[in-house]
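S.K.: Sequence:
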Amino acid sequence: MPAGDNSDDSKAPLLPINESVESSSSSPFSLKSLISLKSFYVVLGPILCAIVCVFVKFDGPVTSRNMLAVLAWVFSWWLTEAVPMPVTSMAPLFLFPLFGISSADSVAHSYMDDVITLVLGSFILVLAVERYNIHRRLALNITSRFCGEPVNPPLLLLGICGTTFFLSMWMHNVACAVMMMPVATGILQRLPTGPTQSTHIRDFCRAVILGVTFATPIGGMSTLTGTGVNLILVAMYKGSYPDAEPIGYNTWFFFGFPLALLIFFAFWAILCLLYLSRGSSQALSAYLDKTHLKRELNLLGPMAFAEKMVLAVFGVLVALWMTRSITEDIPGWGTLFNGRAGDGTVSVLVATFLFVIPNKKRKGEKLMDWNECKKLPWNIILLLGAGFAIADGVQSSGLADQLSKTLDFLEEAPYLAIAPAVCLICAIITEFITSNDATATLVLPLLIQMAKTMHVHPLLLMVPGAVGSQFAFILATATPSNIIGFATGHINIPDMVKTGIPLKIAGIVILSLLMPTLGVYVFGLNGGV
Numbered sequence: 135m136p137a138g139d140n141s142d143d144s145k146a147p148l149l150p151i152n153e154s155v156e157s158s159s160s161s162p163f164s165l166k167s168l169i170s171l172k173s174f175y176v177v178l179g180p181i182l183c184a185i186v187c188v189f190v191k192f193d194g195p196v197t198s199r200n201m202l203a204v205l206a207w208v209f210s211w212w213l214t215e216a217v218p219m220p221v222t223s224m225a226p227l228f229l230f231p232l233f234g235i236s237s238a239d240s241v242a243h244s245y246m247d248d249v250i251t252l253v254l255g256s257f258i259l260v261l262a263v264e265r266y267n268i269h270r271r272l273a274l275n276i277t278s279r280f281c282g283e284p285v286n287p288p289l290l291l292l293g294i295c296g297t298t299f300f301l302s303m304w305m306h307n308v309a310c311a312v313m314m315m316p317v318a319t320g321i322l323q324r325l326p327t328g329p330t331q332s333t334h335i336r337d338f339c340r341a342v343i344l345g346v347t348f349a350t351p352i353g354g355m356s357t358l359t360g361t362g363v364n365l366i367l368v369a370m371y372k373g374s375y376p377d378a379e380p381i382g383y384n385t386w387f388f389f390g391f392p393l394a395l396l397i398f399f400a401f402w403a404i405l406c407l408l409y410l411s412r413g414s415s416q417a418l419s420a421y422l423d424k425t426h427l428k429r430e431l432n433l434l435g436p437m438a439f440a441e442k443m444v445l446a447v448f449g450v451l452v453a454l455w456m457t458r459s460i461t462e463d464i465p466g467w468g469t470l471f472n473g474r475a476g477d478g479t480v481s482v483l484v485a486t487f488l489f490v491i492p493n494k495k496r497k498g499e500k501l502m503d504w505n506e507c508k509k510l511p512w513n514i515i516l517l518l519g520a521g522f523a524i525a526d527g528v529q530s531s532g533l534a535d536q537l538s539k540t541l542d543f544l545e546e547a548p549y550l551a552i553a554p555a556v557c558l559i560c561a562i563i564t565e566f567i568t569s570n571d572a573t574a575t576l577v578l579p580l581l582i583q584m585a586k587t588m589h590v591h592p593l594l595l596m597v598p599g600a601v602g603s604q605f606a607f608i609l610a611t612a613t614p615s616n617i618i619g620f621a622t623g624h625i626n627i628p629d630m631v632k633t634g635i636p637l638k639i640a641g642i643v644i645l646s647l648l649m650p651t652l653g654v655y656v657f658g659l660n661g662g663v
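With my numbering applied, the sequence shown covers 135 to 663.
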């Protein structure tokens, strides 16, 4: 993972007075220098904000309109990259108090959420993985098995995405992304960078990173414990309809796995069409020769003590993530602490052991040195904090209620239009809320009430709503796994938009076809509740 731009010399003066005087005389200020596309993008944010404030009217509180205006400002800067991403990420700290959405103190709390500590601890583990080249070993194993002879880029991409998909079925989405992203970047390290990088290689790098980023949430849809949204759906359905047949693990799997598998293959096809052209195989063959890969894997030799210990720590962390809260009926170890210990607490706690466990090969040293933390991508952590600040602002300002009202038209919708309409609306809302779980928590209660009004089975609305809230494939801030992929530096927001829009459409179409057919059969929706 890139650790941000650390190229500035810390010993250099902050204000080189002599140089500035000389440059000011040789390059006088001109109005023409301000007229550029970059300058237009900078002022575009405030302009859009002003337009929303003047022309948009809501029935609710004025803060809901102000929140929409702030969203227009922030997202325009994110999409155009008018200012550096960390600067945009700090914008809620002054825009929210300025527009009366929330106090600066409450906004600042969002920048140290439990999920942020989860990502922080995970990134420390990633640094340990990279320090001992564990990701290189895993990358060589995957590449040698799937690259083909000669190199087959679509097959290799399928292997990388398929591995991510499978792991995500059983792991936390963030944990899966954190584990697989170093493996993906380890594969890409074999390829040239900079000016020597051809278009074919650059597109392949984008395809690999996007593949890991988006295969993570797709795989999580397969199982009941693969993502928190599925558990929220089950809990809300059971709480609202205690006499109905609950959704069991096998029941969800018979629907969720075929759904996720079809979306996965559609996603793979989209990546192949957008990023893998005919010349890709020839461009990659010089760097991904199968015989050479196996020789390099043999040269690594057996795993050292440090590698085994880092993997053991990672395995313990994954096990703790998976068992903190299993289901409502099967409580995890989190009940021992009355729910006060979250995934972030566990991540930081387990990561600290890397600074305690000694390295046998280097006496007096530990597995990790604190100086390694300088490589942490603090700019991405700021970006994640901005996402949570926006999520809180959308709800506290009343904008969430205004967005929920857009679902009222579904009360008159025909049966076959229910699934795509609900899924589409939820897929749009989830782009503005960094947590898929928060989106589901916001939307599902409304869908339950709408189902009662429409006299239809509640799962006809709840399942599309829950699945749609996981279609966060466009914005970098939509999910933590998106941010992890964005942090590699191989992709930018236009890449995510170009790939995410057709993937979102494909997901909605597939769900719209499966819900009235397979969904009706698996969940038994022909009868009443």
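If you're looking for bench data, these hints aren't it; they were derived computationally from the structure.
Every residue, glycine too, gets a C-beta built ideally from N, C-alpha and C.
You may find that some hints are simply not true.
Now the in silico label distances, taken between C-beta atoms and shown as ranges [stated by the list, open to error]: (1) Pro380 / Arg336: 27 to 37 Å; (2) Trp467 / Glu215: 17 to 27 Å; (3) Ala378 / Leu289: 50 to 60 Å; (4) Asp377 / Asp503: 39 to 49 Å.
Calculated lysine-lysine pairs in the DSSO-like style (CA-CA distance at most 30 Å, straight line) [unchecked claim]: (5) Lys494 / Lys508; (6) Lys442 / Lys428; (7) Lys539 / Lys372; (8) Lys424 / Lys539; (9) Lys424 / Lys442; (10) Lys508 / Lys495; (11) Lys372 / Lys442.
S.K.: Can you confirm whether the C-alpha distance between Lys424 and Lys539 stays at or below 30 Å?
M.R.: violated, 56 Å
S.K.: For a C-alpha distance cap of 30 Å, please report whether Lys539 and Lys372 respect it.
M.R.: Given that 30 Å is the threshold and the Cα spacing comes to 25 Å, the pair holds.
S.K.: Taking only the CA atoms, is the gap from Lys442 to Lys428 under or equal to 30 Å?
M.R.: Satisfied, since the Cα-Cα distance of roughly 21 Å is no more than 30 Å.
S.K.: For the pair Pro380 and Arg336, does the Cβ-Cβ distance stay inside 27 to 37 Å?
M.R.: violated, 49 Å
S.K.: May I ask you to test the hint 17 to 27 Å on the CB atoms belonging to Trp467 and Glu215?
M.R.: violated, 43 Å
S.K.: Would you say the C-beta atoms of Ala378 and Leu289 sit inside 50 to 60 Å of each other?
M.R.: Given about 45 Å between the Cβ atoms, the range is violated.
S.K.: Holds or violated: Lys424 with Lys442, Cα cutoff 30 Å?
M.R.: holds, 26 Å
S.K.: Using the C-beta atoms of Asp377 and Asp503, is the stated range 39 to 49 Å upheld?
M.R.: violated, 58 Å
S.K.: For a C-alpha distance cap of 30 Å, please report whether Lys508 and Lys495 respect it.
M.R.: holds, 24 Å
S.K.: Given the hinted pair Lys372 and Lys442, is their alpha-carbon gap at most 30 Å?
M.R.: violated, 42 Å
S.K.: For a C-alpha distance cap of 30 Å, please report whether Lys494 and Lys508 respect it.
M.R.: holds, 24 Å
Going down the numbered hints, you'll see the structure goes against 1, 2, 3, 4, 8, 11, while the others check out.
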